Amino acid sequence: MKQFYGKKIFGLIDCNNFYVSCERLFRPDLADRPVVVLSNNDGCIIARSNEAKALGIGMGAPYFRHETLIRRHNIAVFSSNYPLYGDISQRVMDILMRLEPEVEVYSIDEAFIAFPTTKHLAPEKYAAFLRNTVQRNTGIPVSIGFGPTKTLAKIANRFAKKNSDAGSTFVIDDRHCLETLLAGLDVDAVWGMGRRHAGRLKKQGVRTALELSRRPDTWIRKQLTVAGLRTVMELRGIPCIPLEAKTPAKKSVATSRSFGRPVLTLSDLQEAVATYATQAACKLRSNGLKTTAVHVFIRTNSFKNEEAQYCNSRTLTLPAPSSHNATLIKAALASLRAIYRPGYRYQKAGVLLTGLVPENYEQLHIFKAPDKKNILLMKAVDEINQRWGRNTIQPGSAGFNREWHYRQQRKSPAYTTRWSELPIVKASFPETLSVA
DNA sequence: TCTGGGGTCCTAGGACCC
DNA sequence: TCTGGGGTCCTAGGACCC
Numbered sequence: 301m302k303q304f305y306g307k308k309i310f311g312l313i314d315c316n317n318f319y320v321s322c323e324r325l326f327r328p329d330l331a332d333r334p335v336v337v338l339s340n341n342d343g344c345i346i347a348r349s350n351e352a353k354a355l356g357i358g359m360g361a362p363y364f365r366h367e368t369l370i371r372r373h374n375i376a377v378f379s380s381n382y383p384l385y386g387d388i389s390q391r392v393m394d395i396l397m398r399l400e401p402e403v404e405v406y407s408i409d410e411a412f413i414a415f416p417t418t419k420h421l422a423p424e425k426y427a428a429f430l431r432n433t434v435q436r437n438t439g440i441p442v443s444i445g446f447g448p449t450k451t452l453a454k455i456a457n458r459f460a461k462k463n464s465d466a467g468s469t470f471v472i473d474d475r476h477c478l479e480t481l482l483a484g485l486d487v488d489a490v491w492g493m494g495r496r497h498a499g500r501l502k503k504q505g506v507r508t509a510l511e512l513s514r515r516p517d518t519w520i521r522k523q524l525t526v527a528g529l530r531t532v533m534e535l536r537g538i539p540c541i542p543l544e545a546k547t548p549a550k551k552s553v554a555t556s557r558s559f560g561r562p563v564l565t566l567s568d569l570q571e572a573v574a575t576y577a578t579q580a581a582c583k584l585r586s587n588g589l590k591t592t593a594v595h596v597f598i599r600t601n602s603f604k605n606e607e608a609q610y611c612n613s614r615t616l617t618l619p620a621p622s623s624h625n626a627t628l629i630k631a632a633l634a635s636l637r638a639i640y641r642p643g644y645r646y647q648k649a650g651v652l653l654t655g656l657v658p659e660n661y662e663q664l665h666i667f668k669a670p671d672k673k674n675i676l677l678m679k680a681v682d683e684i685n686q687r688w689g690r691n692t693i694q695p696g697s698a699g700f701n702r703e704w705h706y707r708q709q710r711k712s713p714a715y716t717t718r719w720s721e722l723p724i725v726k727a728s729f730p731e732t733l734s735v736a
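Residue numbers in the first sequence follow the numbering used here, run continuously in steps of one, and reach 736 at the last position.
Simulated from the structure, these hints should not be mistaken for laboratory data. Treat each hint with caution, since some may be false.
What the hints assert, rightly or not - The calculated DSS-like cross-link candidates involving lysine-lysine, where the alpha carbons are at most 30 Å apart (straight line), are:
id : residue 1 : residue 2
1  : 353       : 462
2  : 522       : 503
3  : 462       : 522
4  : 551       : 679
5  : 583       : 672
6  : 550       : 462
7  : 583       : 353
8  : 425       : 308
9  : 307       : 419
10 : 679       : 546
11 : 461       : 604
12 : 461       : 583
13 : 711       : 726
14 : 308       : 503
15 : 425       : 462
Unchecked claim - Each pair of labels, with its calculated beta carbon distance range:
id : residue 1 : residue 2 : range
16 : 500       : 407       : 25 to 31 Å
17 : 328       : 619       : 54 to 60 Å
18 : 655       : 545       : 25 to 31 Å
19 : 613       : 719       : 39 to 45 Å
20 : 726       : 394       : 44 to 50 Å
21 : 604       : 436       : 48 to 54 Å
Computed from a prediction, not measured in an experiment: that's the story for all the values here. Where a beta carbon is used, it is the ideal one built from N, C-alpha and C, also for glycine.
Could you put together the complete structure from these sequences and hints?
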């Protein structure tokens, strides 16, 4: 780091087309074929291989709009397989954590690292080493960007991705390199500048990241609030967003899904909401948390202009923090009954838990002793479902027919997380092989 | 027929208190 | 009967991220 010497270097390691790369791990026959992965309910395309991108398939594009193109080009299509992606992600992160003391797991497919400039004398070489290690040990290709701030590491990473010939790594290491890069970068490609911000900036004549970085602070603050100002400082090479190596405690937990078909009746909605409350409660327990507020929402399909629209939500505060299925279901269903209106075609429902507290935090209810039996019961339920599959034991209110349940027609096996779905390898010896 | 899900942070405005 | 300013807390909505 020539001009940035003496400071910290931030690195962003980003798995290339992560979900697609995970699917390809166990399907080497797909190495050169275009591949896409779909969102829940097989609705949108949320990951594309480079070949699929080249065919013009955009991020988040509705699947049904591209069906013809997909057939014509023999594109492989997968429903999302989160247990698989989560497991592979963990393996990638484990490797990074073995090599670096400070790792921030930023998302399922990205991690930041930070180290003093003196630690690794040639960042270019170190980036190549990291990349090769992850590739060799997991089979997942990554791109790596280094820069003097997290925002600039993000930008370096973007150029690394485009630069697969140069080893999929890129280092921003002096003022000239930085300014050349920013001058060629659209504002909406800057981390933290979403569509709204970028639109407003462009109206005011700010088109590139370099132009943005040269605007006065007061102007930025007014247009984009303090978060925007932080981003601009980072573009100038001044670190404002620290590395967070310790995962902060969760503040909310949500479970929501679109339905596989429109839902009209209260009883179907009740099954769905009870199911989501159960899943959310399970997430709470696995994070060692309890909730104090249960929020429920329902909504019709806003893409259907010709249909009557309705959406509503309600929050219920619990008398004492809880993570017990029955308690959360009861609260969620009470809210649902209050907001349900007949005569609409509902498309989505969800349960959001907020006001989370650690499970050992005992805000005792005046009239009720803590229910030890329930705690043991939930523990047993979680262990059984963990071992035998998610719905082995479920509350009756979550329903058994589940006609509203979302579609997932093209899911790959849970190759690495279920014994029954492990890939099978068959080896055969060629006849000419002589055994000594 | 068919358009995802799960998060965080910031701000403005209202309620409330002294 | 009339009247002030400042502070805190909470919530809803908007913006962003992957």
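Right, here's what the structure says about each hint:
Of the pairs offered as hints, the one joining residue 353 and residue 462 holds, with about 13 Å between alpha carbons and a cut-off of 30 Å not exceeded. At roughly 15 Å between alpha-carbon atoms, residue 522 and residue 503 fall within 30 Å of each other, so this suggested pair holds. About 34 Å separates the Cα atoms of residue 462 and residue 522, which puts this hinted pair outside 30 Å; it is violated. Taken as a hint, the residue 551 and residue 679 pair is honoured in the structure, with Cα atoms around 22 Å apart against an allowance of 30 Å.
Between residue 583 and residue 672 the alpha-carbon distance is near 19 Å, which keeps this suggested pair within the 30 Å criterion. Simply put, residue 550 and residue 462 have alpha-carbon atoms about 34 Å apart, too far for the 30 Å limit, and the pair is violated. Distance restraint check for residue 583 and residue 353: the Cα-Cα separation of roughly 34 Å exceeds the 30 Å cut-off, and the hinted pair is therefore not satisfied. Between the alpha carbons of residue 425 and residue 308 the distance comes to roughly 17 Å, so the proposed pair stays at or under 30 Å and holds.
For the hint linking residue 307 to residue 419, the alpha-carbon distance of about 11 Å falls within 30 Å, and the restraint holds. Between the alpha carbons of residue 679 and residue 546 the distance comes to roughly 27 Å, so the proposed pair stays at or under 30 Å and holds. As the CA atoms of residue 461 and residue 604 are separated by approximately 38 Å, the hinted pair breaks the 30 Å bound. Taking the CA atoms of residue 461 and residue 583, the gap is near 34 Å; set against the 30 Å cutoff, the hint is violated.
Taking the CA atoms of residue 711 and residue 726, the gap is about 23 Å. The hint holds against a cut of 30 Å. With a C-alpha separation of about 35 Å, the suggested pair residue 308 and residue 503 falls outside the 30 Å cut-off, and the hint is violated. The suggested pairing of residue 425 with residue 462 holds, with an alpha-carbon distance near 18 Å, which does not exceed 30 Å. For residue 500 and residue 407, the Cβ-Cβ distance of about 26 Å falls inside the hinted range of 25 to 31 Å, so the restraint holds.
Residue 328 and residue 619 have their C-beta atoms about 56 Å apart, which keeps the hinted 54 to 60 Å range intact. The hinted window of 25 to 31 Å between residue 655 and residue 545 holds, with their beta carbons roughly 26 Å apart. For residue 613 and residue 719, the Cβ-Cβ distance of about 41 Å falls inside the hinted range of 39 to 45 Å, so the restraint holds. Between residue 726 and residue 394 the beta carbons are some 29 Å apart, a value that contradicts the proposed interval 44 to 50 Å.
For the pair residue 604 and residue 436, the supplied restraint of 48 to 54 Å holds, since their beta-carbon distance comes to about 49 Å.
Checked against the numbered hints given earlier, the structure breaks hints 3, 6, 7, 11, 12, 14, 20 and satisfies all the rest.
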